[in-house]
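Protein chains: 2
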Amino acid sequence: MPDRARRQEILAQRMTEAGVDLMFLPISADLEYLTGLSRRVMTFGNVEYAHHFVAGAFFAPGRPPLMLLPRMIYEFDLPDGFEGDAVIVRELDDGAAAFEKAARSFGTTGKIALGPRTWAETVIHLLAAVPGTELVDAEPIVNPMRRIKDAEELETMTRACCIVDEVMGEITPAVVAGASELDIARDVDHLMKLKGSRTASFDTGVWSMGPGNSRDATVRISDSRIEPGVGVSFDFGSVIDGYCSDFGRTIFVGEPDSRYREVYDAVMAAQAAGMRAATPGTTAAEVDSATRRVIEDAGYGRWFRHRTGHCIGLDVHEHPFISEEDRTPLEVGMTFTIEPSVFSPGVVGVRVEDVIVCEEGGGRKLNTYPVTMAVND
Amino acid sequence: MPDRARRQEILAQRMTEAGVDLMFLPISADLEYLTGLSRRVMTFGNVEYAHHFVAGAFFAPGRPPLMLLPRMIYEFDLPDGFEGDAVIVRELDDGAAAFEKAARSFGTTGKIALGPRTWAETVIHLLAAVPGTELVDAEPIVNPMRRIKDAEELETMTRACCIVDEVMGEITPAVVAGASELDIARDVDHLMKLKGSRTASFDTGVWSMGPGNSRDATVRISDSRIEPGVGVSFDFGSVIDGYCSDFGRTIFVGEPDSRYREVYDAVMAAQAAGMRAATPGTTAAEVDSATRRVIEDAGYGRWFRHRTGHCIGLDVHEHPFISEEDRTPLEVGMTFTIEPSVFSPGVVGVRVEDVIVCEEGGGRKLNTYPVTMAVND
Chain A
1 MPDRARRQEI LAQRMTEAGV DLMFLPISAD LEYLTGLSRR VMTFGNVEYA
51 HHFVAGAFFA PGRPPLMLLP RMIYEFDLPD GFEGDAVIVR ELDDGAAAFE
101 KAARSFGTTG KIALGPRTWA ETVIHLLAAV PGTELVDAEP IVNPMRRIKD
151 AEELETMTRA CCIVDEVMGE ITPAVVAGAS ELDIARDVDH LMKLKGSRTA
201 SFDTGVWSMG PGNSRDATVR ISDSRIEPGV GVSFDFGSVI DGYCSDFGRT
251 IFVGEPDSRY REVYDAVMAA QAAGMRAATP GTTAAEVDSA TRRVIEDAGY
301 GRWFRHRTGH CIGLDVHEHP FISEEDRTPL EVGMTFTIEP SVFSPGVVGV
351 RVEDVIVCEE GGGRKLNTYP VTMAVND
Chain B
1 MPDRARRQEI LAQRMTEAGV DLMFLPISAD LEYLTGLSRR VMTFGNVEYA
51 HHFVAGAFFA PGRPPLMLLP RMIYEFDLPD GFEGDAVIVR ELDDGAAAFE
101 KAARSFGTTG KIALGPRTWA ETVIHLLAAV PGTELVDAEP IVNPMRRIKD
151 AEELETMTRA CCIVDEVMGE ITPAVVAGAS ELDIARDVDH LMKLKGSRTA
201 SFDTGVWSMG PGNSRDATVR ISDSRIEPGV GVSFDFGSVI DGYCSDFGRT
251 IFVGEPDSRY REVYDAVMAA QAAGMRAATP GTTAAEVDSA TRRVIEDAGY
301 GRWFRHRTGH CIGLDVHEHP FISEEDRTPL EVGMTFTIEP SVFSPGVVGV
351 RVEDVIVCEE GGGRKLNTYP VTMAVND
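Same order as they appear, the protein sequences are chains A and B. Going letter by letter, the first sequence gives residues 1 to 377 in my numbering. Going letter by letter, the second sequence gives residues 1 to 377 in my numbering.
Simulated from the structure, these hints should not be mistaken for lab results. Hints are not guaranteed to be accurate.
List of simulated lysine-lysine pairs, DSBU-like, C-alpha gap at most 30 Å [stated by the list, open to error]:
{"hint": "1", "chain 1": "A", "residue 1": "101", "chain 2": "A", "residue 2": "365"}
{"hint": "2", "chain 1": "B", "residue 1": "101", "chain 2": "B", "residue 2": "365"}
{"hint": "3", "chain 1": "A", "residue 1": "111", "chain 2": "A", "residue 2": "101"}
{"hint": "4", "chain 1": "B", "residue 1": "111", "chain 2": "A", "residue 2": "101"}
{"hint": "5", "chain 1": "B", "residue 1": "193", "chain 2": "A", "residue 2": "193"}
{"hint": "6", "chain 1": "B", "residue 1": "101", "chain 2": "B", "residue 2": "111"}
{"hint": "7", "chain 1": "A", "residue 1": "193", "chain 2": "A", "residue 2": "365"}
{"hint": "8", "chain 1": "B", "residue 1": "195", "chain 2": "A", "residue 2": "111"}
{"hint": "9", "chain 1": "A", "residue 1": "195", "chain 2": "B", "residue 2": "193"}
{"hint": "10", "chain 1": "A", "residue 1": "193", "chain 2": "B", "residue 2": "195"}
{"hint": "11", "chain 1": "A", "residue 1": "111", "chain 2": "B", "residue 2": "111"}
{"hint": "12", "chain 1": "B", "residue 1": "365", "chain 2": "B", "residue 2": "111"}
{"hint": "13", "chain 1": "A", "residue 1": "195", "chain 2": "B", "residue 2": "111"}
A short, non-exhaustive set of chain A residues, derived as facing chain B with CB atoms under 10 Å [what the hints assert, rightly or not]:
{"hint": "14", "residue": "46"}
{"hint": "15", "residue": "76"}
{"hint": "16", "residue": "79"}
{"hint": "17", "residue": "130"}
{"hint": "18", "residue": "176"}
{"hint": "19", "residue": "182"}
{"hint": "20", "residue": "183"}
{"hint": "21", "residue": "200"}
{"hint": "22", "residue": "237"}
{"hint": "23", "residue": "239"}
{"hint": "24", "residue": "275"}
{"hint": "25", "residue": "279"}
For glycine and all other residues, C-beta sits at the position ideal for the given N, C-alpha and C.
Chain A with its partners taken away, still in its complex shape (with noise of 0.2 Å):
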C-alpha cells in the first residue's frame, strides 16, 4: 500500500515552502496519488451530477485533506471506496453554499494552488467564496512529487507494460492482409481487460502506412482492411492500479523494401540512443535530441513530427516531456516513453514506444517486448 498519509506530509511541506495556504484538487490523478480515491473511466461526452463542480478536495497544512463529493459519485462511481472523510453534497443541497463553507473552514488565506484541471466553474465559486486571494497552479508543487516513482509504483507500472507485451505477442498472428484495424484494436483492448487492465490508458490506435496507400498517423484507426505492403503501426496502453502503460510497434504486413528495413533500423537506433542518453542530470530536450539525431542523420528527419516522448505514471502525459522545449534534468526513477517515429504519408510509417525507466547508468525500459523487425506474410 502507498504511504498516503506520507504523501500528504510531503505535501504540506511543499506548500509551506511555495507560500501556499491552501490547495484545491478535483478528482485527478493527483488526488489519486494524494488520497486513493479512484478517478473513473473516462466517457467522450461530458457527464455530469447535481453539484458536480464540488468534487474533489481541499490540502491545507496540517489539517486532514476535506473531500467533497455529489451524492451520486459518493454512491455510484466509488466502488471501493476511499480513506478518510468526505461532505457528500445532495442534490436538493445547496451546492455553492457547501462549497463555500468548506473553502472558508480553513480561515484567511492569502494564496490558493488549484490543480491545472480543476474546472473554471469551481474557481469561479471559489472566488466568490474567498475573494482577493492569488490562484497559483499546483502542477509545480504536485508533480515533483508524483515523477519520480518508487519500488512500489515501479512494480506497478512494470505489470502494467508486462500486459502489452503480451498482448502484442498475442495479437501479432492476427495483423495480415484482410484483416480490419477495427478488429484487431477490438481484440487488444479486450485481451488488455482480460489481462486485469481496468480500461485502456487512451484510445487504442492501429494504422497502416506505405506505398499501398496515402494514410497519415493522423487517422489512428479506421474500418479499412490491410493491404499488403504496409506497416502497421500500434499505440496502445493498459492501466493496472491506476498508473498507465503506453507502447508501439510496427508490424509489416508483406515483404518490406530497402526503405522500410531502413526507415526500421534508423527507429530502432534513435530509441537505442535516447536509452543511453537518458542519465540522471541529462535534461529532457538532451534525450530528444539525441533521440532525434540519429533520425535526422538517416535523412528522415523532416518526418519525425512529434516530441520524443513524456513522462508518464498515474496519467498517460506527466511533465516532464521529451521534447526540445523542456529543459528539466532527468532524475533517477522517472519513468516516461521514448517514442520516435518517421511516418512519412504513402512512403513509410515506422513507429517504436517503450516506457523507460532513468538509471545511473542510462535508461531501462520496464517493457521486454522486442524490437526485432516483424514481418506477416
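Since chain A is already given, all that's left is putting chain B on it; use the hints.
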C-alpha cells in the same frame, strides 16, 4: 450542415444581453457546437501537449472567433480540420505570451465568461493577462442554445439511437448463462463502431443483479459469468457526428419470478408516466416526480436511487437534469433521457432508458426498441 455562423450571431446577442464582453471556451461540446472543431476520443490518463492550456477559442460580439491550438493538436488530433483561423502555438513558442496577446487583443473587458470545464491553468493565465476582470460561467449563456435541438440535430440523434437499438437486438441472443459480461460489452462496443459510431459515448455497462448474487449497480462490468436467475442490465450509447445516445434495457436469464415481473412492469410504467408528463412547461423536477411516483406506489421507491434522467446531445449529461432539484421548464425540442430503475442488491435489478424529445403532447422516444420483457433461457 449546421449554420454555425448563425449560432455565433445568437451567441453574440446572448453575450451582450448578459453584459459579457469576452468568452473563452476550451475544446468541448460548446466549442464543437459553435465552430465544428471536434473533440478527440477521451482517455483514462490525461493526455497533454506543450502549451496545452491555450487550446480553445475566444469569442467577442462582432468579431470572428480567435482559436488557439498547440501544434500537436493541430497536426495530429484534427484529421477533419476545422473552419476559420487559428493561432498555432509551437513547442518553442512562449505559450503564456501567445495566450496573453490573444486575450488582450479584445481590449478592455469588464466581464469574461468561461466554459465551465476550462482548465484552472488557463484561468490563471487569463487572470494574469487581464487582471481585475470579473469571471462568470458561460453555461447559462451557451446551454440554452444547445438544449433545444433543431430538426437536423434530432435527425442525427435519431441515428445515434438507431445504432443502439440495432445493437441491443443483435446482442440479445448472446445474453445467456455462462456468457461473460466483459465479452458482451466488447461486442456491444464493436458492433456500435461497425455501425458508424465514432466511439462509445460513455463506458458501456453490463451487469447482473438478482437473488443469485449480491451485486450492486455500482459495479458496471465484471469478468464474472452470468448465472441463471439474474436480470442483466445494459447501459450504453453511440456517437454520431459528435451527438451521443444513451440507452438501457434489462434481459432476464432463467425463469423470472413474480417479483421480477412486478418490478419490471413498474419500471416500464414509470418510464411511460414520465413521458406523458414531459409536456412543454412542465418542470424537469415534475417529470422526475411523475416517474418516481409509479415506482414508489409499487413499493420500491427506496430502490430507485438516482435522478430520472438528464438532457443529452453533444454531451451525455447536459443541463437541465430530470431531477428533483431542477426547476427548469421543458421546451419543445429538448432531448433527455427517462431512465428509471430498481436496483436492490441480492433481490432485483431492472432498468430502462431511452432518449426522449419534448413535443406538444408529451415526450416522444427517438429509440424504437421495445420495452417488452425479454427472457433468455
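Hints versus structure:
no.	hint	result
1	101(A) to 365(A)	48 Å, violated
2	101(B) to 365(B)	48 Å, violated
3	111(A) to 101(A)	18 Å, holds
4	111(B) to 101(A)	25 Å, holds
5	193(B) to 193(A)	19 Å, holds
6	101(B) to 111(B)	18 Å, holds
7	193(A) to 365(A)	23 Å, holds
8	195(B) to 111(A)	51 Å, violated
9	195(A) to 193(B)	23 Å, holds
10	193(A) to 195(B)	23 Å, holds
11	111(A) to 111(B)	23 Å, holds
12	365(B) to 111(B)	40 Å, violated
13	195(A) to 111(B)	51 Å, violated
14	46	4 Å, holds
15	76	5 Å, holds
16	79	4 Å, holds
17	130	14 Å, violated
18	176	19 Å, violated
19	182	6 Å, holds
20	183	8 Å, holds
21	200	7 Å, holds
22	237	8 Å, holds
23	239	6 Å, holds
24	275	22 Å, violated
25	279	23 Å, violated
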